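Chemist: Each chain, letter by letter, is given below.
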Amino acid sequence: MTPSPPSDHLSDTQPGSSPPNTSVESQFAYGVSPGRKAFGAFMTTLVVGCALLAALPLFSILWTVITNGVAHLSPRVFTELPPPPMVDGGGFRNALMGTFWVLLLASLISVPFGILVAVYVSEFARDSQFSKFVRFGINVLSGVPSIVAGLFSYGVVVLLMGGFSAWAGGVALAVLMLPIVERTAEEGLKSIPPEIRQGAIGLGATNFQTISQIVLPSALPFIATGVTLSLARAIGETAPLLFTALFNQFDAKSLSDPTATLSVLIYNFSTSPFQNQKDLAWVASLLVIGIILVISIVARRIAQRQAF
Amino acid sequence: MQNMQSSTSRTSTNAIADQAVALRAENVSVYYGAFQAVRNVFLDVPKNQVTAFIGPSGCGKSTLLRCFNRLNDLVASARVDGKISFQGRDLYARDMDPVEVRRRIGMVFQKPNPFPKSIYDNIAFGARINGFRGNMDELVERSLRSAALWDEVKDKLNQSGLALSGGQQQRLCIARTIAIEPEVILMDEPCSALDPVSTLRVEELMHSLKEQFTMVIVTHNMQQAARVSDMTAFFNAEAGEGGSRFGYLVEYNKTQDIFSSPQQQETHDYVSGRFG
Chain Y
85 MTPSPPSDHL SDTQPGSSPP NTSVESQFAY GVSPGRKAFG AFMTTLVVGC ALLAALPLFS
145 ILWTVITNGV AHLSPRVFTE LPPPPMVDGG GFRNALMGTF WVLLLASLIS VPFGILVAVY
205 VSEFARDSQF SKFVRFGINV LSGVPSIVAG LFSYGVVVLL MGGFSAWAGG VALAVLMLPI
265 VERTAEEGLK SIPPEIRQGA IGLGATNFQT ISQIVLPSAL PFIATGVTLS LARAIGETAP
325 LLFTALFNQF DAKSLSDPTA TLSVLIYNFS TSPFQNQKDL AWVASLLVIG IILVISIVAR
385 RIAQRQAF
Chain R
-12 MQNMQSSTSR TSTNAIADQA VALRAENVSV YYGAFQAVRN VFLDVPKNQV TAFIGPSGCG
48 KSTLLRCFNR LNDLVASARV DGKISFQGRD LYARDMDPVE VRRRIGMVFQ KPNPFPKSIY
108 DNIAFGARIN GFRGNMDELV ERSLRSAALW DEVKDKLNQS GLALSGGQQQ RLCIARTIAI
168 EPEVILMDEP CSALDPVSTL RVEELMHSLK EQFTMVIVTH NMQQAARVSD MTAFFNAEAG
228 EGGSRFGYLV EYNKTQDIFS SPQQQETHDY VSGRFG
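Protein sequence lines, in the order shown, are assigned to chains Y and R.
Just add 84 to wherever you are in the first sequence, counting from 1, and you've got the working numbering.
Number 180 in the working numbering belongs to position 193 of the second sequence; there are no gaps in the numbering.
Chain R on its own, in the form it takes in the complex:
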């Protein structure tokens, strides 16, 4: 509990100017049925920067990420307490359309999940359902170029997206998210299923994309967080009453500070490789 208090105060002392905040979590707790997965998180995600969530398994970092575009709505037992706002609007307000939320806050998943359609249609699908009326060929090319995939697939746009390699599939998934032109891209361990070379390409991609998009990335890989992110949030898990573990935010700060001068002993232990 002490840790949470201090992390809360740290966040507020580092508070980013309101207009630069893309997503704000205020006292957010997430439950799956009676099980509390994440407890009392306060956190501001800055615009046009990469924010990384790091921490050991089961610390609730993916759970929190999925709340940012209301993907937890798909889990019947999931419940979100507290307030999550996007550009000052409450994402869980009664009159907020979750479909609209997901169109503005895109998600790239852990396992590459291209649709069993052609590469072209993988990208066109999102644009079409979002009512895109412009030149589709151009959009597909632009999205694939942004995702650094164009040169590899330009001659086989009609082939199935499933025929690509894992790394290419993940960049295709990023391309189709870019194509709906969201304001925020959430990435849930986007490189955990990829080889080192593909990982490097996706990381380079994140660097180039942050001019256009706000990005939040969940990763197990501390080096990756250090390489790609501007801000880092460290989550940890603790056994609560009854022995069930819950996750909480330990420390949130500039990535440089988290790795070079962490304020919390837990953070220090984690980033120096003492556990996790």
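Just chain Y, same shape as in the assembly:
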């Protein structure tokens, strides 16, 4: 009987290292039934296949957008207005500026709003019935289809102001950004140890000083992550903008005018029968994806700087 070192029973796959298959012990240790081996191989193939399949649409989209977009990318897309049908060239500076303004308005509304809600829920009303109600509301809001957010803004802003505008688009996107900002800010505030707050209170800081100078700055990485993630979500939204910011072939003269945005431009031009407009839609898609990529990387970087 060959005494084999105990570590050897794992090395059956190494050629040359398998001990003579004579003893009862080794038969017991090395005998994997062919059925089980086949089943293992099948399952491995299945999960690897599914994983590849799941990644396929992403790479397919990236490939199509990049090849089609890069082919038509040129400096003029940033400086010129969309061309009329049958005319070559042109760009979408109005949509770039429009997206910028609509997102800025949406951020100006949702970021302070979301942070203040988070401060209330996490610092003042933790575990109260009202804060549970607010949190429930925020959860529901994050599940609201984006087109409903657009309807809300249409009902409130468009009808009241009497027209489509960047304001209306900003409000619609703000509704979508609010739950993301609120939730990440709340998570951030909750991650700050209570000892830190007590330390500040114990030095004679007021609630306002404690929250504004100690707690919020400590939670800043979380908040910044939430803001960037919500921007990444909002920049691609089309449905809520279709009947709020609408579109504009030209530069919007003010925030109260109908405003072009990248996402609506993609929507309009991709269904256009004219090749030049289709090409511009590809370039705009490339830009949107590029911006989202940059925002996501920035968000990850910020998230790594957490104090606790």
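It is worth saying that the hints were derived from the structure and are not from the lab.
Any given hint might turn out to be false.
[Stated by the list, open to error] Simulated restraints, written as ranges between beta carbons of each label pair:
(1) 70/R - 317/Y: 53 to 61 Å
(2) 209/Y - 66/R: 17 to 25 Å
(3) 63/R - 378/Y: 43 to 51 Å
[Unchecked claim] No more than 20 Å apart at the CA atoms, straight line, and that leaves these computed lysine to aspartate or glutamate pairs for DMTMM-like:
(4) 274/Y - 211/Y
(5) 98/R - 190/R
(6) 34/R - 13/R
(7) 104/R - 279/Y
(8) 104/R - 139/R
(9) 98/R - 279/Y
[Stated by the list, open to error] A few chain R residues facing chain Y, derived, Cβ under 10 Å:
(10) 89
(11) 91
(12) 95
(13) 97
(14) 99
(15) 102
(16) 113
(17) 164
(18) 167
Since we're looking at a predicted model, the values are computed, not measured.
All C-beta atoms, glycine included, are put in the ideal place defined by N, C-alpha and C.
Add chain R to chain Y, keeping to what the hints say.
Modeler: Chain R alone, transformed into the frame defined by chain Y:
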């Protein structure tokens, strides 16, 4: 109950002259909801001395300490009965601003809790919110020197306070409390999270600080109380009706007397290591 009666009378026989009293607790009981954490404490904390609260866990010594700068206000269910006065003024009077109380009675916590800011800003924060208008650099240096931390951190004032070791963090917390120039510094088991060497440094610090400040320190460590304090209050816990435990003051006297000639059997048993 007997013990409390006698401790009360002891306190009054040892009564310190009124002008030398920094903090006075008269018949103080603290409740968390229906639970009574501390029962009927009478105690005078003398000025410019170190007073130690010792006793087993759950005897309410930290709870009482937190009443001295109204930190229990942060606990919604907490309620304080009786009277706590600071230089003769009722700390819980309706017109007393708790923020003002905490500016004059600072607190150092059990776990070092520097702010996630630079060492400099950790100290400057308290001073700024208290309306400090002088030379901030000088104040930071003075506070860090008082806390015996200056030499270790003078070259890295812009580094995060969280990058320091536990003992250094605790001295930073003491430094930031010193910086607001309170009259009293409360310390809630300041050394329980520290190694022996750091503990020794913090204890040396307490000795040097009592010229400027009145200090009250809660500690589990009897040797520490014996080393650093002038007065010692021994608290114990007892099961009350319904089985819930409440804390009470057993004996309060000069530290020397508590350790060498305790008047109460419970104190004697505790300081001689028979329980707790």
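Chemist: Find the hints from earlier in the document that the structure breaks and name them by number, from lowest to highest.
Modeler: none
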